[in-house]
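Participant: Model the full structure from these sequences, guided by the hints.
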Amino acid sequence: SVTTRELRRLQTAVETPDRLTAEDLDQAKETAVKLRGTDFMEKLREYASKERERARALDELLRSPSEASKKSRSNDVDDTAWMAYL
1 SVTTRELRRL QTAVETPDRL TAEDLDQAKE TAVKLRGTDF MEKLREYASK ERERARALDE
61 LLRSPSEASK KSRSNDVDDT AWMAYL
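Its first residue numbered 1, the sequence shown is counted upward by one per residue in full-length UniProt numbering.
Treat the hints with caution; some may be incorrect.
To be verified - Label-pair ranges, simulated between beta-carbon atoms:
1) Arg19 to Pro65: 39 to 45 Å
2) Thr38 to Thr16: 21 to 27 Å
3) Arg5 to Arg36: 15 to 21 Å
4) Asp18 to Phe40: 23 to 29 Å
5) Ala32 to Glu53: 23 to 29 Å
What the hints assert, rightly or not - Straight-line Cα separation of at most 30 Å, DSSO-like style, residue types lysine-lysine; simulated pairs:
6) Lys43 to Lys29
7) Lys29 to Lys50
8) Lys34 to Lys50
Hints were generated in silico from the structure; no laboratory data involved.
A virtual CB, placed ideally from N, CA and C, is assigned to each residue, including glycine.
Facilitator: Pasting the structure below:
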């Protein structure tokens with residue numbers, strides 16, 4: 001089984017790969033081998049897939065302003081408002 005310490009080592013390897021020693025890298029690889037084919041990896045893949053979908057949805061939202069805000073900006077004044085000055 002994989003211990004919390006081993007999982008933390010993997011997390012550190014991913015977050016700060018430039019600070020890994022050769023020993024740390026070897027230990028992280030051993031832990032990765034232990035995890036292959038486990039339920040943990042399946043759950044991790046599901047989580048990563050959901051996170052990618054959330055990020056894609058957020059990116060799409062940020063790229064295009066909503067229709068409501070477009071309408072409120074373009075229709076601030078009624079088309080016939082100019083007639084009020086006649």
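Participant: A separate judgement is required for each hint: does it hold in the structure or not?
Facilitator: Comparing the hints with the structure gives:
1. For the pair Arg19 and Pro65, the supplied restraint of 39 to 45 Å holds, since their beta-carbon distance comes to about 41 Å.
2. Between Thr38 and Thr16 the CB atoms are about 25 Å apart, so this pair conforms to the stated range of 21 to 27 Å.
3. The supplied range of 15 to 21 Å is met by Arg5 and Arg36, whose beta-carbon atoms lie about 19 Å from each other.
4. Between Asp18 and Phe40 the CB atoms are about 26 Å apart, so this pair conforms to the stated range of 23 to 29 Å.
5. For Ala32 paired with Glu53, a C-beta distance near 25 Å keeps the hint of 23 to 29 Å intact.
6. With a C-alpha separation of about 19 Å, the suggested pairing of Lys43 with Lys29 holds against the 30 Å cut-off.
7. Of the pairs offered as hints, the one joining Lys29 and Lys50 holds, with about 25 Å between alpha carbons and a cut-off of 30 Å not exceeded.
8. For the hint pairing Lys34 with Lys50, the CA-to-CA distance comes to about 24 Å; that is within 30 Å, so the pair holds.
Violated hints: none; the structure is consistent with every hint.
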